[in-house]
Amino acid sequence: MLQQTRVDTVVPFYERFVSTFPTFEALAGASLRSVLKVWENLGYYSRARNLHKAAHVIVHEMNGEFPSSMKDLRNLPGIGPYIAAAISSIAFGQVVPAVDGNVKRVLARVFFIQDPSDDKDVKQQIQDIANVLVPKHDSGAFNQAVMELGAMICRPRNPRCRECPINKSCEAFDHGAQDSLPVLLKRHPIPHKEMTAGIMFNQKRQLLVVQRPNHGLLGGLWKFPGGERMEGDKDLAHTLRRSIREETGIHVRVGKTLHSVKHTYTHFRITLFAFQCSRRSGVPIPLDCQDVLWVKVGDLGQLPMSKADRKIWELL
DNA sequence: AAGCCGGGGCT
DNA sequence: AGCCCAGGCTT
8 MLQQTRVDTV
18 VPFYERFVST
28 FPTFEALAGA
38 SLRSVLKVWE
48 NLGYYSRARN
58 LHKAAHVIVH
68 EMNGEFPSSM
78 KDLRNLPGIG
88 PYIAAAISSI
98 AFGQVVPAVD
108 GNVKRVLARV
118 FFIQDPSDDK
128 DVKQQIQDIA
138 NVLVPKHDSG
148 AFNQAVMELG
158 AMICRPRNPR
168 CRECPINKSC
178 EAFDHGAQDS
188 LPVLLKRHPI
198 PHKEMTAGIM
208 FNQKRQLLVV
218 QRPNHGLLGG
228 LWKFPGGERM
238 EGDKDLAHTL
248 RRSIREETGI
258 HVRVGKTLHS
268 VKHTYTHFRI
278 TLFAFQCSRR
288 SGVPIPLDCQ
298 DVLWVKVGDL
308 GQLPMSKADR
318 KIWELL
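Basically my numbering = 1-based index in the first sequence + 7.
Bear in mind the hints are in silico, worked out from the structure with no lab data behind them.
It is possible that some hints are incorrect.
Lysine to aspartate or glutamate pairs mimicking EDC-like chemistry, simulated, CA-CA at most 20 Å apart [stated by the list, open to error]:
no.	residue 1	residue 2
1	Lys193	Asp122
2	Lys193	Asp125
3	Lys318	Glu47
4	Lys111	Asp128
5	Lys241	Glu253
6	Lys200	Glu253
7	Lys44	Glu32
Could you put together the complete structure from these sequences and hints?
Below, the structure is given as C-alpha cells:
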C-alpha cells in the first residue's frame, strides 16, 4: 500500500483492509472484486491484484508460512527489492538496507551526489553506500530511522537542515546545496485526453456498466461504457457511439450531455464527458472489456470504480 | 532502460 | 500546474 503513496493516505485503507481480510487465508479465499472494492480510490490497483495472488501463494504453496529471506520474499508477486529488504530487516532482523525514495534523497544529499538520481549507475551507487552504512544490529530500526529522517527533516522541498541531527555530516548542507539535490530529470509534459461515458438505462431502470481488462489502467475496475476521442471522430457523440460498439457490440443513440469531470492520472489528464444514451440495437456482450452488467443505480456502489467514474455516479 | 501504473496533498 | 509520495512490473 505504501508504494508511491503517503503514509497518511494509507492508514485508513490499511485499517479497513486488515479488518476485512485479517489472515492470508481470508485474503486468499476472497474474490478479487471484494479486494478491489476495499482498495478503491487507493490507486495502483495492480498492487491489490498482486497482494491477492501473494496470499494465494503463501496459503497454497508455502504451507501458510510467511517467507523471511530476501530470496523467498522476492518470489511473491508485488514484492520488489525495497519491500523484500524492509520486511526482512524490520520483521526478521536481517542485515540489509531498505532503500526507498526517502533514503535515496537523504543519501544523495549527505554524499553530495550531483548526477540525476534516476540514472542506473547512481541508483547502484546509492545502494552500495547503503550496504556499507547499514549496521549489524538493529538494522530494521536504522532503515526506518533514515526513512523517517527523509520524511520529516530531509524533505523534498524546504528541508529542515537546522533541526537535522546529522547536518554536520551532510556535504550538501556544507555546500548550501540541499535545495538543488537530488538532481531531477526533466519530465515530459503530460497529454490531455477527452473521454466519453454513456449513461444508459434499460426498461428495468438498470444502468449499463462494463469491467476493464485485468491488466492496464485501472485494471478490473468498473466503468461506464465509452472511450477516448480518436483522430477520426467528428465529435464526442461519434466517439461514444464508436467506443460503445467496440466495447459491447451494441449500437446507441447519444442524447444530451449530463456532466463533465476532470481528472489527472500519472501520465495524462482527462476530461470525462457523460452523455445520456439509449440502445438502438444489439445486446451488450464483453468485446473490448472483461464483463458487462446491468445494475441498479443504488447497487453500483458495490462495484469498484475509478475516481472519475465515481464522480459521474455521484452527480447522477 | 524506459514506460506504465492512481490518487492526494503541498507549494 | 508541477512535484512527490515507505516502488514494482512489463517490454
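We went through each hint and held it up to the structure:
no., hint, in the structure
1, Lys193 to Asp122, "13 Å, holds"
2, Lys193 to Asp125, "11 Å, holds"
3, Lys318 to Glu47, "13 Å, holds"
4, Lys111 to Asp128, "13 Å, holds"
5, Lys241 to Glu253, "17 Å, holds"
6, Lys200 to Glu253, "18 Å, holds"
7, Lys44 to Glu32, "18 Å, holds"
Every hint from the earlier list agrees with this structure, and none is contradicted.
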